[in-house]
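*Asks:* Keeping their order, the protein sequence lines are chains A and B. The working numbering puts the first sequence at residues 19 to 227. The working numbering puts the second sequence at residues 4 to 430.
Because the hints were derived from the structure by calculation, they are not lab data. A virtual CB, placed ideally from N, CA and C, is assigned to each residue, including glycine. Any given hint might turn out to be false.
Unchecked claim - Computed spacing ranges between beta-carbons, pair by pair:
id : chain 1 : residue 1 : chain 2 : residue 2 : range
1  : B       : T412      : A       : K49       : 46 to 52 Å
2  : B       : G345      : A       : V105      : 22 to 28 Å
3  : A       : R81       : B       : R304      : 28 to 34 Å
4  : A       : K36       : B       : A130      : 38 to 44 Å
5  : A       : V105      : B       : K332      : 56 to 62 Å
6  : A       : K49       : B       : K216      : 38 to 44 Å
7  : A       : T142      : B       : G213      : 22 to 28 Å
Claimed, not checked - Counterexamples of contact, computed for chain B against chain A with all Cβ distances above 12 Å:
id : residue
8  : A76
9  : Y174
10 : Y346
11 : A390
12 : N405
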Amino acid sequence: MSDINTQMADRYKNNFLKEIEEQAEMGEWVKMCMQCGLCSGSCPTNFHSGWDHPPQEIFMLIRAGKREEVLNAQGMYMCTSCYNCYVRCPRKVPVTHVMHGIAEYAYRIGRAPKNQPTMHLSRTFWNNATKYGRVNEVKLTQSLYFKDGFGSGVKKGMEMQSVALGLVKAGRLNPLEALGMGHKCKDLKGIHAMLAKAKELEAQRKAKG
Amino acid sequence: MTSVVATNQTILVVGGGISGMTAALEAAETGKQVVLVEKNPYLGGRTVQLYRYFPKMCHPTCGLEINLRRLKANPRIQVLTMAEVTGITGDKGAYNISVKLKPRYVNDNCTACGECGKAVQTEIDDAFNYNLGKIKAAYLPSSMAFPQRYVIDSSIVGTPDGEAAKAACKYGAVELDMQEETVTLNAGAIVWATGWQPYDATKIVYYGYGRFKNVISNVEFERLADPHGPTGGKILRPSDGKEAKNVAFIQCAGSRDENHLRHCSRFCCMGSLKQTHYVQEAFGDAGKSTIYYIDIRAIDRFEDFYQKVRANPNVNFVKSKVARITEDKDGNPVCNGVNVEGYKRYAQAHDLVVLALGMEPSVKGLQIPAEVMSDSSGFIMADPANAGIFGAGCATNALDVNRAVQSATAAALRAIQVVNKVARAEA
């Protein structure tokens, strides 16, 4: 059995636009773009080195069927969800959501770059939040601090020490969360069942295409 | 009291711009009685506020003068200025209309000699010049205003200034005790030609109109270029009066935008292409224009005009919708965005930014005192439910002068058919 990336490429052959429309969340909006450039111009990230392709360029690449260029792009992971493009788009394209949709799709078919920082944050956050139905802030912070190794984790922890203490004093951070205690969702089984069902429904819908 | 002669064979035309004048003239010249109602103290609407027309670059005064001559020569048209329709009852073939007339405080004796204007000290905003300057409170709205009569602003009535205007008049034309009145009249058909207004630029927050003095609208730029305008035809920017030799035009400012105007306003591309001529003529090769556009829509025979502007080395085209305007320390507006051709980010300073504002129908949000169908942009649609009310010109669609005249002629013909039917029934 070939990997899911190849399967998808075979299934949609040369129609990458259709692939995105059917597989990526909000992908059906891509064809509405009129290439005015307002989204890219409004982006506060100013395309620092990571921003190889701004949104309207990604949309055009999709329409041009440039599968490899799009799936290798960094642009969709760089979105900070500020929603500037979303509120300004003259065609009301939900640019922010489309970018996240493409990023999620790339991840799903195993094309997301390894250790991409925003992807790492999203995944860590998701796993953390769904485990107890609520975010365990201490563990989330720990796993992000120690991402690049023990040494840099300790260094970051020391830098943020006063902030953490302040939060604890203000009752905003529960140190017991480090031991797996702290706030949880009341019906843990229920929320896990709900998430499993949602995943199942989504998979069904995407398989139909 | 103002007396109006009108029967069910009369056609009422609401709005005295180029469309309303055309509809009124076309109907009257076929022998119909016409009442023309205009809100402003003068006829001509937004057309007289233009400096030049595209594509021939001739002055509106010329085309308008022909219409005014036709109007003066035609006894079948009654013109009511400073008038607004406040109520319509009845149905196709037998409408009863009430019209509110605001006092002008100047009667027919006025010769437009201008003595009252000299006597008055109070100044008011110059509405004809889009409030870019001030005028005396006793004024002639524009040099070729029709009727060629002064207007006294209601703010000076009952003040010593008002009395000074009255005393200065040698012809007994100033009547400070004029009152607002409402007249009622009959009409068989109504042509609704209330035209358009530029989109409210302050709603496009990221362009900074209203916050930055050197960001102005396309209609204001027309007044800057006009010798009768507030700067005497010199293209001077508002902040410091410096000559604006480097002008940016931002297309689709409001138009083709689901957050603002859904429709393409059609005239603004040609308007900006025309306005690059003003810059070129004023400063020669020192005058530089930059047009920021999504795509240029120089419809049908105007392609040729576009190609000529495109060939001008002093006009630069940037395919991009500007994302934000900022201001540098010298008060120059800076256009920020991404050039879609090559995806280059730019931050370009200009002396002046002109927003090519789109066209919003004046009827939008207004309660027309009758059932009239309109589309999602607020333009009047042709619909049998409108009965004997016909939209004309920019009240029905985003049109340039040429197309507005065509639309008005069509509306006049529809109105004529209604009153002809009335005439046959009454004969």
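*Asks:* All hints, please: hold or fail.
*Replies:* Hints, one by one, checked against the model:
The given range of 46 to 52 Å is broken by B/T412 and A/K49, whose C-beta atoms sit roughly 40 Å from each other. At roughly 26 Å, the beta carbons of B/G345 and A/V105 sit within the given window of 22 to 28 Å. Look at A/R81 against B/R304: about 32 Å separates their beta carbons, and that is inside 28 to 34 Å. In this structure the supplied range 38 to 44 Å is violated for A/K36 paired with B/A130, their Cβ-Cβ distance being about 55 Å.
In this structure the hint that A/V105 and B/K332 lie 56 to 62 Å apart at CB is violated, the actual value being about 29 Å. Under the hint 38 to 44 Å, the C-beta atoms of A/K49 and B/K216, about 41 Å apart, fit the expected range. Judged by the Cβ atoms, the range 22 to 28 Å given for A/T142 and B/G213 is violated: they are separated by roughly 45 Å. The Cβ of B/A76 sits about 48 Å from the closest Cβ of chain A, beyond the 12 Å cut-off, so the non-interface label holds.
At roughly 55 Å, the least C-beta separation between B/Y174 and chain A is larger than 12 Å, which holds for a residue marked as non-interface. Under the 12 Å C-beta cut-off, the non-interface status given to B/Y346 relative to chain A is violated; the minimum distance is some 6 Å. Taking the minimum C-beta to C-beta distance to chain A, about 36 Å, the non-interface status of B/A390 holds against the 12 Å cut. Residue placement check: B/N405 keeps its beta carbon more than 12 Å from all beta carbons of chain A (closest about 27 Å).
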